[in-house]
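Take the sequences, apply the hints, and build the full model.
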Amino acid sequence: MEPIKAERIFIPELSWRFSLHSNAGFLGFLLLSPFALIIGGISGYYGGWLDSFLQMVTDAIRTVPQVPLFMALAAFLPQEWSAEAVFFVIATILGFIGWPTLARRIRTHVLSERSQDYILAPQTLRCFFRTHFS
Numbered sequence: 001m002e003p004i005k006a007e008r009i010f011i012p013e014l015s016w017r018f019s020l021h022s023n024a025g026f027l028g029f030l031l032l033s034p035f036a037l038i039i040g041g042i043s044g045y046y047g048g049w050l051d052s053f054l055q056m057v058t059d060a061i062r063t064v065p066q067v068p069l070f071m072a073l074a075a076f077l078p079q080e081w082s083a084e085a086v087f088f089v090i091a092t093i094l095g096f097i098g099w100p101t102l103a104r105r106i107r108t109h110v111l112s113e114r115s116q117d118y119i120l121a122p123q124t125l126r127c128f129f130r131t132h133f134s
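This note's numbering numbers the first residue of the sequence shown as 1 and each following residue consecutively.
It cannot be assumed that every hint is accurate.
Estimated spans, in silico, between C-beta atoms of each pair [claimed, not checked]: (1) 126 to 45: 32 to 40 Å; (2) 117 to 83: 14 to 22 Å; (3) 73 to 125: 52 to 60 Å; (4) 70 to 35: 13 to 21 Å; (5) 52 to 73: 29 to 37 Å; (6) 34 to 113: 16 to 24 Å; (7) 126 to 46: 14 to 22 Å; (8) 124 to 93: 40 to 48 Å; (9) 68 to 118: 45 to 53 Å; (10) 121 to 65: 43 to 51 Å.
Treat the hints as calculated values from the structure; they're not laboratory data.
Where a beta carbon is used, it is the ideal one built from N, C-alpha and C, also for glycine.
Pasting the structure below:
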């Protein structure tokens with residue numbers, strides 16, 4: 001009988017773990033994208049006090065240190081949970097606290113588009129928002 005080689009066990013396990021981690025990362029991205037798109041879009045489009053308020057909230061969430069937060073989460077999650085369940089919970093929380101960076105980027109793009117000529121020309125002619133797209 002031939003002994004079992006380590007590669008036979010390691011490769012399928014590695015591919016399964018990679019699939020699990022990529023799914024958890026995708027889950028985190030799916031959670032943060034719509035929220036960041038809404039907050040960043042509203043902040044960049046309307047500006048003024050609403051922009052200031054939303055950026056203040058964004059800055060407050062960005063100040064939360066992520067590594068100590070995850071260490072505390074790992075310590076307080078139930079020990080009965082599987083490693084995959086703990087990983088998905090941490091990925092979900094990463095999605096909820098990871099949106100401010102993406103929201104800032106979206107806000108920056110919306111602000112830069114507001115100052116483009118194709119947006120300023122209809123405003124100069126006093127066209128309303130509906131007229132831009134008809």
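(Q) Hints numbered earlier in the text: which of these fail when held up against the supplied structure? (A) 1 and 2
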